[in-house]
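Top line first, the protein sequences correspond to chains A and D. Under the numbering used here, the first residue of the first sequence is numbered 1, with each subsequent residue one higher. Under the numbering used here, the first residue of the second sequence is numbered 1, with each subsequent residue one higher.
No lab work stands behind these hints, which were simulated from the structure alone. Worth double-checking, as some hints may not be accurate.
What the hints assert, rightly or not - As a list, the in silico BS3-like pairs of lysine-lysine whose alpha-carbon atoms are at most 27 Å apart:
#1 D:120 / A:78
#2 D:126 / A:78
#3 A:79 / D:37
#4 A:83 / D:112
#5 A:76 / D:120
#6 A:373 / D:149
#7 A:76 / D:37
#8 D:211 / A:373
#9 A:79 / D:126
#10 A:203 / A:129
#11 A:366 / D:211
#12 A:78 / D:37
#13 D:112 / A:78
#14 A:76 / D:126
#15 A:42 / D:126
Said to hold, decoys possible - Ranges between beta-carbon positions, derived for each pair:
#16 A:69 / D:169: 54 to 60 Å
#17 D:205 / A:149: 56 to 62 Å
#18 D:50 / A:86: 37 to 43 Å
Said to hold, decoys possible - Here chain D is said to cover these stretches of chain A; the calculated rule only asks that three of the stretch's residues, wherever they fall, bring their Cβ under 8 Å from a Cβ of chain D:
#19 92–105
#20 279–287
#21 336–346
Each residue gets a CB set at the ideal place from its N, CA and C atoms; glycine is no exception.
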Amino acid sequence: MKNNTLKKVTIILLILLISLASFVGIYAKNLNRMKNIMPDYKVGMDFGEIREIRLDIAQDKQTNPEEILNEENYIKSKKIIEKRMEMFRFSEYQIRQDENGYIVIQTYDDDLANNYMQIVAMKGLLQIKDNETNEVIFNNNDIKSAQATVHTERNNYSAACLVLELKDGLKEKLEEISRIYVESENNENETAEENSTNEATTKELAITFDSDNIVSAHFDDEVKQGNLQILSDGKIQIPLNNPTTSQTTLYQYLNEATLIERLINIGNLPIEYEISNENIFSSVLRQEVIQVLAIAVAILIVIAVAYLIIRYKKGLLMGASWLGFIATYLIVLRFTNSVISMNSIIGIAIICIFEYLFLNAVLHNKHNSTFNKILANYSIIGIPMYIIAIAFSFASIIPVSSFGIVLFWGSALMPAYNFIITKNLYSEE
Amino acid sequence: MERKQILRYICIVAIFTIACILVIAFNKFEFNVNYSKNVRLELDLGGSFAIGDIINITSEVYKDEVAIVRSAGNYGETVAITVKDSTDEQNEQLINKVNEKFETNYTVDDLKIYYNSNIKGTDTIKPYVLSSAIAGVLILAFFGIRYRKLGLIKILASVIGTVIGTVILYLALTSIFKMEINEISVASGLAIVIFCLMYMIVTYERMLSEK
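Looking at chain A on its own, in the form it has when it is part of the complex (with noise of 0.2 Å):
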């Protein structure tokens, strides 16, 4: 009997400092000044910053001609984008479309909305042209795949490359443009005065990227800036940089092929956007708002263990056990990285409740079952909530994966919590 209330005097203490650590925290010297050292919650777009880029459509006529302008484009665009959204793993997004066209996307900020949001919005149109003429050769239309590779030579000497696998019935027309795109021959072994003038013979190429130039070339067998090389399997190969030994330049060129070959691959903009306005906001979660919110919570908190206090003989302790779950759920959520967002704010909430019911069907226990076999119970009512747990946790977007991952954990939590908590309240031995 004394070692039963020793222990559960010990349970009571130990959830009390569970519960100071999770709503209170622990503070500890840093800086000169006291911290708390729990770890954040990470919240998402719900109750983050917000970045928002607003695409204006390009007035430029020769850019965005009247024909192109219209809704099978505008919708066209606005599923490009979202897959570029998705390409670039933004988990949490939201794009408006108005019926001219216009579109809004704002993000969660971070460093990737920082380094892509921009990018998001490009054109994506690469152009394989005349250098004098401008007479277009190749674009996307004529591009059915591009891969960003490392040419790499027998001493060491790297390039990164854009390799460009034309649609069928392409080939002849790049075996055409190789013959006209080289390097005069009976200029070699001439001076240097005699090549100067010569080399404004050399028919050129220029590689567009949108509005920038990649490079300006023409084929040749070697591997070196400004040679394109037709491959054994007759895709085009172009060297972004002349072979270097230098990692930190190759992986910046790298870097930059694997972007143009991602935004290829997933098709260009029909239509030219310009970005009229960026900006970030600040959250909607500010001091007197969560006051307000952990306010209501605790009071929701409070009738409902009153409830259990004065239903049950052993509502207290239950009560106790409740909060110590709750406080050791939230632990749980910071400790794990999982993302608060307004979904997961139900999540939880479920999780609460699910562990409220099972806290009373023990304290009720009109079957007079051993605390096992109703905790054996409730984890068979709970396969629904473990089942949809799994699946929404894999889910790409942070709404739907947040929901899915507190559920987890809760579920997760619950058996432990109550085999290792609970019971030792609740038994009387």
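We have chain A; now place chain D onto it with these hints.
For chain D alone, coordinates are given in the frame of chain A:
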């Protein structure tokens, strides 16, 4: 007798479901300010403002309407107010109250007004489809395997019927009571479905033990 009861039950459920569907079809849903067409008013106050003061001013100008107030810009120098709509009169009133509070001389021309289109319902629902479908199949498999002794077809039909019925009822109630569709609407619906399924398990477990 039992067959008659089942028929009566099916009739009641069918009438109820049709009534709910009609309600959903003829009653428009109310979307919250974030999801519907909205207007965002931005005013560069140079950072010298307390967001609480702006909230007070906004609630005086827009009264019962929901307004989202945030600070904006790299240094939080701008205030951004998002409302469903703002008339010229309300814009004027807003500027006057800001001038009165902060002793400034802004005019309506200083207010940057951005019109935002709504977020499509399909865009909101789309991310949930695959996960819900996978979860749905797995849950049906669980019910089918665990309670097959109670009649596989009967169990699966009742699970599907109950889930669909619950969702329709939820949507109908949302529509009737003009509850706003917002960030938590889908998750709330899922929560109701989860508890509904749990209740079904309790019932079937009892039936299984009685058998």
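Cross-check of the supplied hints:
1. At most 27 Å may separate the alpha-carbon atoms for a hinted pair to count; residue 120 of chain D and residue 78 of chain A meet this at roughly 12 Å.
2. For a cut-off of 27 Å, the pair hint linking residue 126 of chain D to residue 78 of chain A stands: about 15 Å separates their Cα positions.
3. Simply put, residue 79 of chain A and residue 37 of chain D have alpha-carbon atoms about 20 Å apart, close enough for the 27 Å limit, and the pair holds.
4. For the suggested pair residue 83 of chain A and residue 112 of chain D, the alpha carbons sit about 31 Å apart, so the restraint of at most 27 Å is broken.
5. In summary, the hint linking residue 76 of chain A to residue 120 of chain D is supported, as the alpha carbons are separated by about 15 Å, within the 27 Å threshold.
6. Taken as a hint, the residue 373 of chain A and residue 149 of chain D pair is honoured in the structure, with Cα atoms around 22 Å apart against an allowance of 27 Å.
7. With a CA separation close to 21 Å, the supplied pair residue 76 of chain A and residue 37 of chain D stays within the 27 Å bound.
8. Between the alpha carbons of residue 211 of chain D and residue 373 of chain A the distance comes to roughly 19 Å, so the proposed pair stays at or under 27 Å and holds.
9. Restraint check: the Cα-Cα separation between residue 79 of chain A and residue 126 of chain D comes to about 13 Å, which is no more than 27 Å; the hinted pair holds.
10. Taken as a hint, the residue 203 of chain A and residue 129 of chain A pair is honoured in the structure, with Cα atoms around 11 Å apart against an allowance of 27 Å.
11. Under the criterion of a C-alpha separation no larger than 27 Å, the hint pairing residue 366 of chain A with residue 211 of chain D is consistent with the structure, at around 20 Å.
12. At roughly 18 Å between alpha-carbon atoms, residue 78 of chain A and residue 37 of chain D fall within 27 Å of each other, so this suggested pair holds.
13. Taking the CA atoms of residue 112 of chain D and residue 78 of chain A, the gap is about 25 Å. The hint holds against a cut of 27 Å.
14. Proposed proximity of residue 76 of chain A and residue 126 of chain D is supported: the alpha carbons are some 17 Å apart, at most 27 Å.
15. Taking the CA atoms of residue 42 of chain A and residue 126 of chain D, the gap is about 24 Å. The hint holds against a cut of 27 Å.
16. Separation of residue 69 of chain A from residue 169 of chain D is about 44 Å and departs from the stated range, judged on CB atoms against 54 to 60 Å.
17. Between residue 205 of chain D and residue 149 of chain A the beta carbons are some 59 Å apart, a value that agrees with the proposed interval 56 to 62 Å.
18. At roughly 39 Å, the beta-carbon separation of residue 50 of chain D and residue 86 of chain A lies within the given 37 to 43 Å, and the hint holds.
19. Beta-carbon proximity to chain D at under 8 Å applies to 8 residues in the region 92–105 of chain A; the threshold of 3 is reached and the given coverage holds.
20. Under the rule that three or more residues need a Cβ within less than 8 Å of chain D, the assignment of the region 279–287 of chain A holds, with 7 such residues.
21. Remark: the region 336–346 of chain A is confirmed as covered by chain D, as 5 of its residues place a Cβ nearer than 8 Å to a Cβ of that chain, reaching the required three.
Checked against the numbered hints above, the structure violates hints 4 and 16; every other hint is satisfied.
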